[in-house]
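Chemist: The chain contents come next:
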Amino acid sequence: MKPINILLVEDDQLDVMEIRRTLDKANIIYQMMTARNGEEALTLLADRGGSGIEELPDILLIDINMPKMDGFELIEAIRKQEEWKHLKCFIITTSNERVDRKAAEKLGVSGYITKPLKLNSPTSMDAFNLIIDLMNFKSKE
Amino acid sequence: MKISRYIFLTFFFILLLFSITTYINYRLSQMVVVNEEYLSRSGNIIREAGRFQRNILTMVNGLHGYLLTGERSFIESYDTASVENDSILVELSSLLTDSSQSRLLKEIKQLNDQWTDEYTEPLKQAKILSNVSAKNLDSFNNFYKEKFATGHEQSIQSLLKVKFKRFATHEYEIREANMERLAAAVGKTRKLSLMLIILSILAASAVIRFLVKKISRRLRQMANMANDIAIGNYNVSIKDIGRDELSSLGHSLNHMASELSRNISLLQRSNEELDQYAHVVSHDLKGPLRGIGNVISWIEEDHKEEVTPKVNEYLALIKGRIVRAENLVEGLLSYARIDKEEMEKEITPVNALIGEVLENLPGHEKVSVEVGELPVIHTEKILLFQVFSNLINNAIRYNDKEKREVRIYCKEHKDLYEFFVEDNGMGISEIYHKRIFIIFQTLADRDSYESTGVGLAIVRKILDSKKQDIRLVSQPGLGSIFSFTWPKN
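Same order as they appear, the protein sequences are chains A and B. All the letters of the first sequence, read from the start, carry residue numbers 0 to 140 under numbering that gives the first Met the number 0. All the letters of the second sequence, read from the start, carry residue numbers 0 to 488 under numbering that gives the first Met the number 0.
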């Protein structure tokens, strides 16, 4: 089975641990790179093939509140680049505010996951199922 | 010019007009009095003149009688009339004011004197002497014939008659002229008084209209301004370039409005900042809290065997406090979120809304909830839901009775509904009635009732944002009645 490539953009290491545990629990096979903020993520994406990742990630899990460059700014920057435009971005955040959901929708994200992470919570279930589908799809390739 | 000066001047002007009217009428009344006096005097004059004329006749008859008969009684009546005429003359000359009449009277007197001198006295003497001798009688008879043959005496008498007639006619003419003058004066006075009164009424009503227009338009403007301020529109001012009392009132109102506007916007800004602050702080608190919770659950999941039962017990305590802290943060967030988001209005049947509220409250099946006939309102459903949810939740939770009862009903007022949530619970002492609406204030200890003290603060904030009131009637042990108002639209 081919692991799914994930770029996690998250500044809180405890959250990184939590996400890993949740993905494990969901039996998702993945390869993960992490960035601590938007800027780092952009550097990693640009540096692909160098010291960074070999190929573009299948999905990005992006926190909203981060230092230097927040999640929304990062997605905006990604959408501006022709070669990154198609990347599947997921928001992963503590905020369940309507404003944030609307802003994410406007940027065309693939899913919205709320912390604390629960695989079967009504707010995050769709996003997790989509990730599992993506993984299954990639395995069949 | 000041309004008070306007009023004073108008009053003074009208007073002046009325004074003139009064003076003119006073003059007229004086004229009437003078005329009255004249009339009575004139009557006297005519009467006395008549008496004088009659006396002359008496004298003529007396003289002739005496001359013919020699009877003394004739000469006596002559003397009486003559004496009386002397006094009448004195009185008449004192009564007469008209110079031509005086002249006429003088002429009458002269004629009378002439008659007395030429006829009466000589004939009287001759008659007295005629009794002495026959010769004397003859000479008297001759003298008598001689005197009356000429007819001169007759012409004096008829001249006297003419003069008397003229005297009377002239007197009547004067009287007529006086009456005419008086009538003209009365007419003139009436016309003038009427004109002055009309003028005063016109002047008064013109000035009153001017003042009312000047005042009422501006008062209306001020009333509108006050209404604007009352509904929260502070950016209003009155343009008034006058320099009277109302203008200074207008300036004060403008000043008040601008101060209000400034203070309100300061207040709004600090409220917004406070909400922003609460939002950011509570949001940032959520992360670490969740982190701690995560670590504890990982310990429980992966290392259950390695920790002692005591540690497990402590971990459970920590988890409990994390839940409490998260509830507080969540409460603070929802408190700060009120009136942040634009709410859409929808048709809300309140009975159905209460049903939804109860479905979301665990344990409501054990409570007897009696819901009255409630209206259907076009309003922000979510806000009304939150208000009812918090009130009903409290009514159910803080109830130590065997049989818990909650009653929900409504009273309709002109522009709003008044909703009641009544319970038979523990009740609240009056000293806490204010305090319970302050955020994070609770009356029950947190260990027995996991209460954040946010619910009623949220209720209060929602009602404040809609400019509505909440009231509480409650006594310890006697249950509570919370009532709040909600606009119909």
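Worth flagging that the hints you see were computed from the coordinates, not collected in a lab. You may find that some hints are simply not true.
Which chain B residues stay away from chain A? Per the calculated CB distances, all over 12 Å, these [claimed, not checked]:
hint, residue
1, Ser99
2, Leu288
3, Trp297
Among chain A residues calculated to face chain B with C-beta under 7 Å, some are [what the hints assert, rightly or not]:
hint, residue
4, Leu13
5, Glu17
6, Thr93
7, Pro115
Where a beta carbon is used, it is the ideal one built from N, C-alpha and C, also for glycine.
Chemist: Please go over all the hints and tell whether each is borne out by the structure.
Modeler: Verification of the supplied hints:
With 12 Å as the threshold on Cβ separation, the claim that B:Ser99 sits away from chain A holds: the shortest Cβ distance comes to roughly 119 Å. The claim that B:Leu288 is not at the interface with chain A is violated, since a C-beta of that chain comes within 12 Å of its own (minimum 10 Å). Not every C-beta of chain A lies more than 12 Å from that of B:Trp297, the closest at about 7 Å, which undercuts listing it as non-interface. Below 7 Å, beta-carbon pairs count as interface contacts, and A:Leu13 has one with chain B at about 4 Å; its hint therefore holds.
Interface restraint check: A:Glu17 against chain B, minimum CB-CB distance 5 Å, threshold 7 Å, status holds. Hint status for A:Thr93 relative to chain B: holds, with the closest Cβ pair at about 5 Å, below 7 Å. Checking A:Pro115 against chain B by beta carbon gives a least distance of about 5 Å; that is within 7 Å, so the hint holds.
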